[in-house]
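Asks: What follows is the residue order along each chain.
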Amino acid sequence: MLALFYIFIGVAIGVSVWQITRILNLRESIATDKDNAAQGKYAMYFMAFFYAMMIYCLIFMNVIMLPESASYEGEHDDNLFDITFWLIGIVQFIMQFLIFYFTFKYRGSKDKKAKFYADSHKLEFIWTVTPAIVLVGLIGYGLWQWNNVMDLSSEEDAIVIEVYSQQFRWDARYAGADNTLGLGNVNFIKGINTMGVDMSDKNSIDDKQVTELYLPKGRKVHFKFRSQDVLHSAYMPHFRAQMNCVPGMVTEFGFTPKYTTEEMRNQPEVIEKSIGINKIRKAKGEDPYIFDYLLLCNKICGASHYNMQMKITVVEEDEYNKWLSEQPTLSEVIQ
Amino acid sequence: MSDHHHKETFVTKYIFSHDHKMISKQFLVTGMFMGIIAVLMSMLFRLQLAWPDTSFSVVEAFLGSHQTDGIMDPDIYLALVTIHGTIMVFFVLTAGLSGTFSNLLIPLQIGARDMASGFLNMVSYWLFFLSSVVMVISLFVEAGPAAAGWTIYPPLSALPQAIPGSGTGMTLWLVSMAIFIASSLIGALNYIVTVLNLRTKGMKMTRLPLTIWAFFITAIIGVVSFPVLLSAALLLVFDRSFGTSFYLSDIFISGEVLHYQGGSPVLFEHLFWFLGHPEVYIVLLPALGITSEIISTNARKPIFGYRAMIGSIMAIAFLSTIVWGHHMFISGMNPFLGSVFTFTTLLIAIPSAVKAFNYVTTLWKGNLQLNPAMLFSIGLVSTFVTGGLTGLVLGDSALDINIHDTYFVVAHFHLVMGVSAIFGMYAGVYHWFPKMYGRMMNKTLGYWHFWITIICAYGVFWPMHFIGLAGLPRRYYTNTNFPMFDDLADINVVITIFALVGGVAQIFFIANFFISMYRGEKATQNPWKSNTLEWTTPVEHVHGNWPGKLPEVHRWAYDYSKRVDAEDDDSDYLHGQDYVLQTTPLLEGEEPS
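Each protein sequence line maps, in turn, to chains A and B. Numbers given in my numbering equal positions in the first sequence, counted from 1, plus 1107. Numbers given in my numbering equal positions in the second sequence, counted from 1, plus 646.
Derived by calculation from the structure, the hints in this document are not laboratory data. Heads up, a few of these hints could be off.
Label pairs and their in silico Cβ distance ranges [claimed, not checked]:
hint: 1; chain 1: A; residue 1: R1276; chain 2: B; residue 2: V839; range: 29 to 39 Å
hint: 2; chain 1: B; residue 1: L913; chain 2: A; residue 2: R1276; range: 25 to 35 Å
hint: 3; chain 1: B; residue 1: V1139; chain 2: A; residue 2: H1228; range: 43 to 53 Å
hint: 4; chain 1: B; residue 1: L913; chain 2: A; residue 2: A1144; range: 51 to 61 Å
Every residue gets a Cβ at the ideal spot worked out from N, C-alpha and C, and that includes glycine.
Based on the provided sequences and hints, a complete structural model is requested.
Replies: Encoded structure:
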C-alpha cells in the first residue's frame, strides 16, 4: 500500500508540473540570441562551480586517500600513478576550460558568422601524434612495472603463503619449514580440515593454518590464492596488491612489505587520516580507530561480501619467526 | 517499398507497425520506462549507502519482504545494483538509444522509404519489448531478481546456494537477455543492410552524416560481439540446469562438494567481456554520432575533420574488440596477456583524443545556437573527456591492480559511458523530437533539465573517484564494518544528495516530453536549419517518408556557413543562408567540401 502512496505522490508531482507549464505557457522552443547570451553566461558559472569542486576535492580529499605504498613493489605504482594523474589532470583542466569557454565566447548571435573550417591535416597530425608519443611513455613504464610485479619466478627464498577464501571468510596457510604447500582440494574438506588440505601429501605435514596474516618486513611474500565456492578477490590496498581467488585454480601474487604495522601507524599520512576518522567515531561514541593492514574481499561474492576481511600484521623478521613457531602444524591439529 | 496507399488500422499503425518512425518511438518510450525503473533503483541504493542504519518508509514501500523495518537486506542491495546496471546498459543505452535513433535516422538521413525489412524491424522491437517484460517480471520473484552483478560471473550466478538471486531470478535474467540479444541482432542486421543498400542517389558513403556512420559501425560491433554473449549465457544455462561444467570446478558449498569438474570461471569472463567491452562502444558511439551532428548544426560550422571522425570511429570499433582483457588483469589469467591488453587498451586513447579535439575545434569560432540539444552535446564532450582520461589510469594494468573494482572504476565508467551516452540520448530527443512528433520541446524546461543534470552528474561522480582512491570496494552493502572507511561517510552523503536531486530533476524531461507531445509548439519543416535529408520530409509523417520522388544528394552533410569565396570569411554565404541542404546541387565552380 505504501508503494501506491509513493506512486501517487509521483503522479501528483507530475500533474502539478503539467499544470504549472500550462499556466506559464512555455511554448518557445528555439534558442534566441537572448538565450544564447544567457546560456553562454551559465556555461561560465558552471565552469566556475566545476573547477571549484575539482580543486576542492583534489586538495581536501588528499587526506582520505590511501597512504604511500607499504610494499617495495608498490612504490613504482605510486610513481606511475602520480605521473599519470598529473598528466590527465593538466589535460582535463585545459580541455574543460576550452569546452566551456568556447561555449561562452562563441555564443551565437545574428550579427556573427561562423568560420567555415572543415579540415586541417596539420592540426590532426599534431593531435594524433602527441597522444601517441605520450602513450608510448606511459605504456612503457606501465608494462615494465607490470612485469616487475607479476614476475614471481626470480625470488627463490620468498615465503610461500596460501590465502584461502570462502563465503564469507579468509584463512591462510603457511608452507612451514619446507616452504612448500601441500596439495589441496575441496574433496578433502572434512571436520577441522576446512581448507581441504591433502594430508597424505608429505608437504602438508608442516603446513600451518591461521586466521590472521603475519608478514615479515623486508621479505618477499609469494601468495597463492584458492577459493572453495565462488569468485573472491584478495585486495590488500596498502600494499597495492590484488588478485582474484578462483575456484578450480590457483592464482598468485607477490610483494615485499616495507613498513611494519607499528611503523605505518606512526606515518604522518596515517596519523592525519586516523585523527579524521577518530573525530567521526568519537561523535558517534565508537571506539577509536587504530591503523591495521587489511585484506578485503573485492569481488562480489554474496550477501556478506561487505564484511569479508582479514587482518594483516607486518612485523620484524625475528618477531615473525617467533610467532610462526608458536603456530601448530597441520599434522598436530589434524590426525 | 510500393507507393500504394496502405489502409492502416489502429493495430498496424500503433502496435504492430512496420514503419521505422513508429518503431523508433516505441523503442524510445519503452527505453524511458525502463530507465525510470533503473533510476529509482539507484536512488534506493544510494539511500542505503549514505544512511545505512536509517529506516526509510520508501524502502519499506518498494522492497516489500526484502527489507526489515525500512532497512534493505544485503541480498536486495546486490540485486538493485545488478538490475540497475543491466537495465541501464542494455535496455536504456543499447535498445533505448541505438534502437530509437538508428530506426528514426537511418532511413530518413540516407533517403530511404523505410528499413530494408520493415517486418524484421517490427520483430526486433517486439522481442525487445518481450525481454523488457521478462526482466520486469524477474523483479517480482520471491527470492528476488538476479544479484550477482550485471557481469553475472559464475559460480555466484550459477549457484542458488551462493545467493538467493541466482535461482529463478537469474533464470529469468538469462531468458530476458537471450531474447534481448535476438532483438539486438535482428535490428543490427537490418541497420547494416539498409545503410549499404538503400542509400538514395548521390548518397555516397563519404557523404553520410556522422550519425549514420556511428549507427552503422555500432551495428557491426553488435553483430560481431553479441552472439558471443549469447553463447556465454547458453553455456551458463547448461551449467545451471543440465549439470555441465563449463565454468565450474572444485566447489564446496553448503556443506557438500558439488560434482562440477574441469570448468573455469575465467572462461566466462573472457566470453562475457568479449561482448562486454565492445558493448561500451555500442552504447557510446551512437551518442558520439548524434553529438557530431548536433554540434555541427548548432555551431553553424562543418564538423571539423569529417574523415578523421570516421577513421576514429572505425579505429575505436576495431580496437574495442581486442581490449576485453583489461577487465581481467587480476582474474588470474597469464600476466603476459595483461601486457598485451594494456597495450591495445591505451591505444584507444588516440582515436578518442582525436574525437574530443575535433569537437572542441568545431566549437571554435562557431556561431553557437545554445539549444538544449546543443548543451547536452557540449555536456557529453565534457563528461567524455573527464571519464575518458581516467581510463588511462585503469587501462594500465600495473595501476589497475590497486583500483580494480573500487569506486574509482564506478566513477570512470559512469562518466565516460553512462552520463555521456545518456547526454547523447537527451540531445537526440531534444533535437529530433520535432521529427518524431511534429511538435517542439520546450526550451526553458530543457535548460533547467540540462544544468541540474550536469551539476548533479559531476556532483555524484567526481567525488566518487576519491573514495575509490581511498580503497573503497564497489558493491559493498555498507562500509560501516571498516573503520578505515569511516571518513568517507560524509562524502557518500553528499553523493547521495546529488544523486537524489539529479534523479528527481529528470521529471523536467519527462514532463517536457509528454506535454510537448500534445501541447508543444507546432514544428516547422526544418526548425534547426539543418542540412540533412530528414528535414526535407513533411512534418506530418507519411508512409514512405517522402510524398513524391526520393531526394537526390549532391553534397556532404556539413556545408554550414559556406562562403562564396572559400578564402574570405567576410564574403557572403553561399545561397544567401548559413546552411545548404544536401539536396542542393553544387553551384557552377563550387568546390565540394
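Asks: Hint by hint, say whether it matches the structure.
Replies: Do the hints match the structure? See the list:
1. A:R1276 / B:V839: 29 to 39 Å: For V839 of chain B against R1276 of chain A, whose Cβ atoms are near 55 Å apart, the range 29 to 39 Å is violated.
2. B:L913 / A:R1276: 25 to 35 Å: 27 Å, holds
3. B:V1139 / A:H1228: 43 to 53 Å: Given range 43 to 53 Å: holds, Cβ gap about 51 Å.
4. B:L913 / A:A1144: 51 to 61 Å: Because 58 Å falls inside the window, the suggested range holds.
The structure fails hint 1 only (numbered hints given earlier).
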